[in-house]
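Asks: Listed here are the chains, written in short residue letters.
There are 8 protein chains.
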Amino acid sequence: MSAANFNGQKPTIDLKDAVMLLIDHQSGLFQTVQDMAMPSLRANAAALAKMASLSELPVITTASVPQGPNGPLIPEIHQNAPHAKYVARKGEISAWDNPDFVAAVKATGKKTLIIAGTITSVCMALPAIAAVHEGYRVFVVVDASGTYSKMAQEITLARVVQAGVVPIDTAGVASELQRTWNRADAEKWAEIYTKIFPPYRLLIESYAKAQQVAKEGEQLDSQRK
Amino acid sequence: MSAANFNGQKPTIDLKDAVMLLIDHQSGLFQTVQDMAMPSLRANAAALAKMASLSELPVITTASVPQGPNGPLIPEIHQNAPHAKYVARKGEISAWDNPDFVAAVKATGKKTLIIAGTITSVCMALPAIAAVHEGYRVFVVVDASGTYSKMAQEITLARVVQAGVVPIDTAGVASELQRTWNRADAEKWAEIYTKIFPPYRLLIESYAKAQQVAKEGEQLDSQRK
Amino acid sequence: MSAANFNGQKPTIDLKDAVMLLIDHQSGLFQTVQDMAMPSLRANAAALAKMASLSELPVITTASVPQGPNGPLIPEIHQNAPHAKYVARKGEISAWDNPDFVAAVKATGKKTLIIAGTITSVCMALPAIAAVHEGYRVFVVVDASGTYSKMAQEITLARVVQAGVVPIDTAGVASELQRTWNRADAEKWAEIYTKIFPPYRLLIESYAKAQQVAKEGEQLDSQRK
Amino acid sequence: MSAANFNGQKPTIDLKDAVMLLIDHQSGLFQTVQDMAMPSLRANAAALAKMASLSELPVITTASVPQGPNGPLIPEIHQNAPHAKYVARKGEISAWDNPDFVAAVKATGKKTLIIAGTITSVCMALPAIAAVHEGYRVFVVVDASGTYSKMAQEITLARVVQAGVVPIDTAGVASELQRTWNRADAEKWAEIYTKIFPPYRLLIESYAKAQQVAKEGEQLDSQRK
Amino acid sequence: MSAANFNGQKPTIDLKDAVMLLIDHQSGLFQTVQDMAMPSLRANAAALAKMASLSELPVITTASVPQGPNGPLIPEIHQNAPHAKYVARKGEISAWDNPDFVAAVKATGKKTLIIAGTITSVCMALPAIAAVHEGYRVFVVVDASGTYSKMAQEITLARVVQAGVVPIDTAGVASELQRTWNRADAEKWAEIYTKIFPPYRLLIESYAKAQQVAKEGEQLDSQRK
Amino acid sequence: MSAANFNGQKPTIDLKDAVMLLIDHQSGLFQTVQDMAMPSLRANAAALAKMASLSELPVITTASVPQGPNGPLIPEIHQNAPHAKYVARKGEISAWDNPDFVAAVKATGKKTLIIAGTITSVCMALPAIAAVHEGYRVFVVVDASGTYSKMAQEITLARVVQAGVVPIDTAGVASELQRTWNRADAEKWAEIYTKIFPPYRLLIESYAKAQQVAKEGEQLDSQRK
Amino acid sequence: MSAANFNGQKPTIDLKDAVMLLIDHQSGLFQTVQDMAMPSLRANAAALAKMASLSELPVITTASVPQGPNGPLIPEIHQNAPHAKYVARKGEISAWDNPDFVAAVKATGKKTLIIAGTITSVCMALPAIAAVHEGYRVFVVVDASGTYSKMAQEITLARVVQAGVVPIDTAGVASELQRTWNRADAEKWAEIYTKIFPPYRLLIESYAKAQQVAKEGEQLDSQRK
Amino acid sequence: MSAANFNGQKPTIDLKDAVMLLIDHQSGLFQTVQDMAMPSLRANAAALAKMASLSELPVITTASVPQGPNGPLIPEIHQNAPHAKYVARKGEISAWDNPDFVAAVKATGKKTLIIAGTITSVCMALPAIAAVHEGYRVFVVVDASGTYSKMAQEITLARVVQAGVVPIDTAGVASELQRTWNRADAEKWAEIYTKIFPPYRLLIESYAKAQQVAKEGEQLDSQRK
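Chains as they are written, first to last, in UniProt numbering: chain X, 1 to 225; chain V, 1 to 225; chain L, 1 to 225; chain E, 1 to 225; chain U, 1 to 225; chain Y, 1 to 225; chain F, 1 to 225; chain P, 1 to 225.
Chain X with its partners taken away, still in its complex shape (with noise of 0.2 Å):
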């Protein structure tokens, strides 16, 4: 099934129609996700906030049951984007079965949503394929979300593909959103993605540095006598 609801449309994220969903990150459910490193997990999650803000997109959280085993809510998520709002449920699995939440989707005016959720499997999935057949063009952030095996996680790949809903990584959502390195803010971006890929802060370091060599003529320590 192609991705639904774009009828025509390009199938890429329209910064101007778009609001990011991030449910249940939570420091209990996060001690159940095996599909990929719990701190890449983290990070991403936290970089989506990031980008949100930088993107001035809206932001709408929530959390399963956060006073019982699941956990609270990680603080990254709004320490990165403090303009996010909480929506508390009452016991609902998916959080499109809270009529709260889905309002405040709908308060945002947007039809295309960027959803991450753990556990993919069902936090992820069933907010996704309920707002695909509502008419919603979704996007779900599969490496921001993590789930008890990578098996789980390519069933609900392919069963969200299914759905017409679809799927991206935390560095195409990034790249999306960012669009050009020729913008103001382009540092703010460039230190997002050492969250998604932590090699790219060697590569800032190491070009730092080779650049100063250069700058300041500094002497090898090997052709000192």
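Any given hint could be a false lead.
Computed cross-link-like contacts, DSS-like style, restricted to lysine-lysine with a CA-CA straight-line distance of at most 30 Å [as the list claims (entries may be wrong)]:
#1 K111(U) with K90(U)
#2 K188(L) with K110(L)
#3 K150(E) with K150(F)
#4 K225(F) with K85(X)
#5 K150(L) with K150(Y)
#6 K90(V) with K215(L)
#7 K111(X) with K10(X)
#8 K215(L) with K215(E)
#9 K90(X) with K10(V)
#10 K106(P) with K10(Y)
Output of the computed footprint for chain F on chain P, the stretches with three or more beta carbons under 8 Å from beta carbons of chain F [said to hold, decoys possible]:
#11 150 to 157
#12 167 to 175
Hints are computed from structural coordinates only; laboratory data are not their basis. Idealized CB from N, CA, C, for every residue including glycine.
Given the coordinates of chain X, assemble chains V, L, E, U, Y, F and P onto it according to the supplied hints.
Replies: Positioned in the frame of chain X, the structure of chains V, L, E, U, Y, F and P alone reads:
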């Protein structure tokens, strides 16, 4: 191809219309499984049976020549779903080729099937493809099935999706059947999740202790003199 | 895309309409295979040939410049399918580009193709895509093919599914051809499964011994004095 | 370095001289384990406790600040070794730094220690190295301990071997304590092995069914009409 | 979704209509690649350039801010395709957002694009999706692209297939461009395959030696006295 | 610790002084093996038996309660070493605890033991450690043994080395027994290597074909008109 | 070989006698690390620096030609150990070949060295082996070093152990320096463990929330009306 | 056991006393290698030859029946060490069993051997163990050797260490031969490291570009108008 036979319905499980088919989860066949850890498969299959009981879903089981090297059904299936109906076959490899089995499905009056079967490549896939062809809405629980290689599992996933079957993982089934934590039997569902992702049991244990310490004002060992 | 050219038929193998094409299973090319263990590939390819014999399916084989570094066909192919017809090519990389090969297929009068070929990315994929385009129903046996990386295998799987080819694993072919254990040659099929999933051989051995002990009243060594 | 303090004795477990130390198997610490599957670790630790009971070995347990994030001892330890003595510490990281713990060991009068502890790198290694230094013969059960990376486990293995500690796996301990199948409680030992290597449970199930079929003359389903 | 814009044509590469786009294969970005071994990626990208040369395909290259941490284009690209046209951008992340780049593509008059780009998630995917939307037939060479995790690669593969892009591996491109070994430059193509699957080089070396021994009657060392 | 009981001799196998002990290679126990692919283990164990035959080494076999779930000895052992002497035990877990077994070893008059046993952790390790303690020179063939996890294998390797046992792999045994290709039965040894590393069979096939082409002047298919 | 130069002392870290050497943790060299995840290495190296500060251990740092492709020292080293002394070299590959470096070590008056260095195979191993030879007691922190392959790490581990060096992991160093949770700066040590095993941060977050809920009597969301 | 025959010397390579032995690096044998990527092995073996040339170390090469399926020596060995002396054998599996080979070693007058050989289990291990026994100081380069499984490599590593051989990786040899970057041929050594860890080539390319940009004041593309 999109999910078959949904005709505009949302491609999620309709609790009132569903029957669960647990096929060939046998002690011999389990020894050929290599796409996932066998204990996880065994736990997932048992969890499916349990959640069918909690949800009052009809369950039909069957086995492939359990008198031979394929071995007996693992006992957890009927232990967790005492109401399940067992259908003996006459050597047919695909359960759907056995008229008694198909008759048992029809007798439930349900049109939504949740199928798991070992081995995935055969016992899950063939009944699923046949049922779609006969107009059923079919969900296959790939990580409660098990097959002889990861590659075989991936090939089968691609094949059933192409045929219009909806792939789902064990946690996905649980959450679509449970729907909310705001229900009287919530603890029994939590117990199910400890089978699907074992760290959940650690979370519950740690949570209970942390609350007990807070409530009882228990001193930290590290502060004892 | 759904399975091509089935026109409402169930997308499973029609035994009466099928021909098996075993392409380029050569000793040199096998050394480049990295997506699966070579001995498994070799066993699966031989198993396909054997099940075609048991099922009286026509088999057509071919090789890519077997006089050069690609090496000779592995002997198991024709040993297990003595009735197979070998078609020499003139250097064409895709067997389907060789008119003699296509003529041999047409001469069988069958419209359902079961294709395996090393390397998957090329020798399996290109004839499959071409045959779909010419109206055949095509099954590709991905784990009896073999290619240079797991990623290459995954890319090829996605590509052939997009083209309407039906992916299948070796055990899937066996079960669709065999259909039932209630047949005179059941033991020969059991032997085939010991090639596809080697633990099956252990099952048969352990089963026979357990029954012999029960029948003959053999004492356990641990109960000897 | 060879096994320390054996003085010409065979470096295997002397059942009459042994005490088992189970250290810091706690619900929180278990969430940091990455060198092995946590459920396997949990099963192995419980199996150790059970075999100590069957062998009438003294067992001493302890925990590291169980009132804090490290969490409570997993309940299986004392469930399987109801005779175990629990020693509370005062914050010392190495159990051997706690005088009450060392006193409890000495009170047993045994000079052979079987130690497992989470995390391996610390809770198993430090008491083991200290005990060797004080003249004990020490076995460490590396796969009933668990630490934060496979590399950390390998480094620790090398370190304790260098210090004269004898490394052993969980099955090794079981077999040295059990010694023979020719004993009245053989079935309880078989149950222990189903925890350490879960396929053993499948073997027992398949074996029983095969014998039952032979004894009762049960017909194969595939031979039914 | 099936391959876009083929309109009943076979979804394989039409040599006469194709242009190759090699995007952002830069020394810095290569350090972030984790979905495949970087040397393989480097070899595959160079192999693409070489086969375009042998096939007289136009090649367009570009880089993302090569003056910064992303680093310079790897030299092999232009070394192997000296006729390639380099298009500098102005900071746009997707090459397709740069008008000069699109103009260069249009100037070739070709409607079939073969695209590889680092990182896959962005530099390959975004131009591919955009080009499909504008009516091109697009092949993406996933294993000559490279991204920050295997999961990111898998997500991207699913996304581009959903958008109607045809995924292909490096060997697939080679074989569709070469078509036959019965051509004057066959040895140059063999050299290309030694880059894509390095064991092929061993095959050629062993083959040559075996033939030389046969022709010259060289004695085996093990038969020397 | 260095190799025990060599007393200044080179720590390699002395062909004239060696006996091979093949312990508990049983169909049931093989199902618990997870540290290596079971078919490789099975092939390696059979290869050991074969090379003992070619080298006229005495072989002693035994099994652990083969009438129970552990299952029968795999038939290849005695097929490849028809001269092997089988010793039944009375339930002892370590074969060395069975007086008949030790007597059989002593009866050979050899002081160098080559031991393989499933499971490594127990059936290989315990007899090896005991035999070293009694003055034998002991080689353990770790990759012809097999145990329940890679970690268990690594722990056992460290333990036996600490005890003065010499670890060796299957190919190492073959080469120390064969010593030279300049012998009449060289082809039989080549056949053994095709079991230990299966690509060797491909090498022989490709080599033979390359020489045949050279000798017979066979034309390449790609040069046919 | 046992731990060198301990002369009957227990082979653990003597806090009063220890100095930490952090060698060549540079942004360029980090790009060559493949035996562990680079972010983990970076975190472990920083954690070492921090724990040296908390323990008031002297720290000596150095870099290998940081003006060239090896790149600058990562800034976390000196940020976490502001009291560290940096020693510039003159091109020597082994820091121990630089007289200033050895002089700086001697100036501390300590005889116990804790060494980490990138790459493990060279920058950690060579100074460690040299220092043992000169009479130091040496600990090497293998998982705070990093090298170009897992195999290279394993070879190096074997080599340094053979030379009498004590291998240790990062958590091992932390626990031997900290010794007890019963100290004023316990929270700072907990923070260090969140760097070494990131799930520890989740544990702390979940624990705090569970206690807060218990203390404040917060209602579960799933019990809200 | 500690390093043999060093007699109190530091167990590192003494450049003046060393000879390099490169044994059986043949195109056929390379196809059996599974413990590491073959291209890495090939690069490491060639790198050893090159560093011997730069260091003016004598090199002796040999091959095992290169006229048969084992195949010819890879050409890079003699290309990188044109001064190497090739010794033909007469079928002996261990090169040390060939008197001409041992004589060639003795003729160098060196007592320190640096040995690499394919396959590790045999061609590297047996000469190394024999040479230690005859009083040589022996280094084995495990990752420039290559064998049929990771487990075989690990077993061999344990065995040679037990025999007093010093294990070393390719980078370790390079650094002990080079010793300092403060030498005229430093660039040639950098080139060697790009073979051993390929990201080093990216580092050099990125570094050069960063410096060029700084020196020439080149504008960033993202700042172009």
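Asks: With reference to the structure, classify each hint as holding or not holding.
Replies: Here is what the structure says about each hint:
1. K111(U) with K90(U): holds (25 Å)
2. K188(L) with K110(L): Distance ~25 Å between K188(L) and K110(L) Cα, so the pair holds.
3. K150(E) with K150(F): holds (11 Å)
4. K225(F) with K85(X): Since the Cα atoms of K225(F) and K85(X) sit roughly 21 Å apart, the hinted pair holds (cutoff 30 Å).
5. K150(L) with K150(Y): holds (23 Å)
6. K90(V) with K215(L): Judged against 30 Å, a Cα distance of about 25 Å means the pair holds.
7. K111(X) with K10(X): holds (15 Å)
8. K215(L) with K215(E): holds (7 Å)
9. K90(X) with K10(V): Holds, at about 23 Å.
10. K106(P) with K10(Y): holds (19 Å)
11. 150 to 157: holds (count 3)
12. 167 to 175: Coverage by chain F holds for the stretch 167 to 175 of chain P (7 residues, Cβ < 8 Å).
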